[in-house]
Amino acid sequence: MPSVIERPVAQSSGDWHREAADLIASYGHAIDDGELDLWPQFFTPNGIYHITTKENHEAGLPIGIMRCVGRGMMIDRVKAFRTANIFEPHAYNHIVGYPMMSYDETTGCVTARSNFQVIRIMETGRMDLYATGKYLDVIQKEGGSLKFRERIVVLDSRNVDVLLVVPL
Amino acid sequence: MLTTPQPRSAPTTPAMDFKWPAEGIARAPYRLFTDPEIYKLEQERIFRGRAWNFLCLDVDIPKAGDYRTTTIGETPVIVTRDHDGKVHAMVNRCAHKGALVCLKKQDSVASLTCVYHAWNYGLDGQLKGVAFRNGLRGQGGMPTDFDVARHRLQPIRSESICGMIFGTFSEEVEDVETYLGPDMAQFMKRSLDRPLRVLGTHSQTIHNNWKLYAENLRDSYHATLLHTFYTTFKVNRLDMDGGIILSDGKWHHLSFARRARLQEAAEYSEAKVHSANYESALEGPELLHAWDEFDDGITHSIQTVFPNMCIQFTLNSLAIRFFAPKGVDKTELFWIYLGYDRDTEEQSQMRIMQSNLTGAAGLVSLEDGCINEFVQRGTRNDPECASFMEMGGRVAESEKNSRATETAVRGFWQGYRGIMGF
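So the sequences go chain by chain: A and B.
Counting in this note's numbering, the first sequence runs from 154 upward without gaps.
Counting in this note's numbering, the second sequence runs from 270 upward without gaps.
Next up, chain A with everything else stripped away, as it sits in the complex:
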């Protein structure tokens, strides 16, 4: 992705830019509001969601922490969250930084990178910085709205506190 100073100004404006930024923002809001059932809908039907660590990502290793290929696996994750998995109730607050994006006219895809911090709030009231990292997204138009064709979540740390059951 060209840096902001190399990029023509005209390319950084336009509807796709605002729409993609909205997608990235509303994704975090949906999870933070506990609307996990919406989560798979942020992806294209064959979309990929992958949480990994910086260490794995940079070494090109294929296994990270969570990998869903297609909405079906995401729906299974949500179902497992609702009815099978056991954990202490908690919520997230996503702080997502300004996304850097580029648009490929031939594929019609937006490539985006944004940094995030996620604070985890326990029912006891305890709040912790739970995760930091970057989203590497490939976004495309699907049925009139933008969806993630791929969202790679690269965690800065190799270490997860306690467990991970709610997607980041």
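The hints are simulated quantities; they were obtained by calculation from the structure and are not laboratory data.
Quick reminder that beta carbons are idealized off the backbone N, C-alpha and C, glycines included.
Careful: at least some of the hints might be erroneous.
[What the hints assert, rightly or not] Here are some chain A residues the structure puts well away from chain B; computed CB gaps all over 12 Å:
#, residue
1, Gly181
2, Glu208
3, Pro215
4, Asp229
5, Gly250
6, Ser255
7, Thr259
8, Asn268
9, Thr285
10, Lys300
[Stated by the list, open to error] Quick list of simulated restraints, FRET-style, between CB atoms:
#, chain 1, residue 1, chain 2, residue 2, range
11, A, Glu211, B, Pro424, 43 to 53 Å
12, B, Arg646, A, Ile272, 34 to 44 Å
13, A, Gln194, B, Pro305, 48 to 58 Å
14, B, Gly398, A, Glu241, 48 to 58 Å
15, B, Lys599, A, Glu295, 39 to 49 Å
16, A, Pro198, B, Tyr385, 50 to 60 Å
Given chain A's structure and the hints, the job is docking chain B onto it.
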């Protein structure tokens, strides 16, 4: 309470006022999970005692000059490979002032140099050179009788088996294969004795004493009750054909199951366990695409090695888990996902998909991240009370026909009492 350090050579005499309940290994006093003096004694008698600790994989340090850092208990450790291909393990602590010598998780170096005063060591840990040994312009320097040959990084005995490197501070403990015993060694070879490939790693901080996780690994009773994803999708149920094999010393174990011979047990439908109320159809069934990897029909196995590791096969998802105590109520749990060099692309893809089952976000394992903490929080104010573990009897014996037993947990405590002198 213990007020002075106890001699390391006397593990048979209790070091403190601690007394095991008369019921024996079917009880574990909660004090074991919270007492800092016991924790300190474990560092000495277990992690620096007569036990083999998992350090890293052979493939983590493939070339001469490669090093890897890890810990044995809380002691920082370096593992290197020298120019003859020989593996060396040593304490990560400069022989001069005690600073850490290696700071990265892994690197490739010509020699090891402490950043503090540039003391320089060979890949075998032997001191090679000391900065300003002869002083500057004839002033200062080491005494004339200073001999580099008499200083080195504290060596740790190491041995490699099935692509894994183990280390021990003990000169007395038998070799790794004897330490494992014939049953454990045989199954370890079945799972790992071919060139390995690392597919990914991560770690998890769990807020509990390390022994609660060691128990949890050996607790075949909880597997399908707590981890309900398993039960619901019939990936693994207690009514599957399977069992538990304990090593001669009882402290290592192997739990295995065969998926193919699944039989419906009436207890599941009648017991109304919460594991039964989930739809059995996956929207993304490719999660569980698997192939029969071994002739023995075993599709699930957990094999522990006392004190700090296990080898897991969940369908085709092969992983090594090992854990490092980080204080009396904190443990770091490491996951190393593996495949074999010989795997086809299709097989690799299946291992990758199935990795969703385990790990910090594992569909069938994530509960272990919190359940041991629930025990820690539930027990910390009552050190004199004890857990009750009589499922499957009161002794620690192999049970080849059922996994509805706590026999391997009792086996852990039998081994623990022996090495701790409790």
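Each hint, compared with the structure:
no. : hint                               : verdict
1   : Gly181                             : holds, 18 Å
2   : Glu208                             : violated, 7 Å
3   : Pro215                             : violated, 5 Å
4   : Asp229                             : violated, 5 Å
5   : Gly250                             : holds, 23 Å
6   : Ser255                             : holds, 28 Å
7   : Thr259                             : holds, 28 Å
8   : Asn268                             : holds, 20 Å
9   : Thr285                             : holds, 15 Å
10  : Lys300                             : holds, 17 Å
11  : A:Glu211 with B:Pro424: 43 to 53 Å : violated, 33 Å
12  : B:Arg646 with A:Ile272: 34 to 44 Å : violated, 22 Å
13  : A:Gln194 with B:Pro305: 48 to 58 Å : holds, 50 Å
14  : B:Gly398 with A:Glu241: 48 to 58 Å : holds, 54 Å
15  : B:Lys599 with A:Glu295: 39 to 49 Å : holds, 45 Å
16  : A:Pro198 with B:Tyr385: 50 to 60 Å : holds, 57 Å
Consistency with the previously given hints fails for numbers 2, 3, 4, 11 and 12, ordered from lowest to highest.
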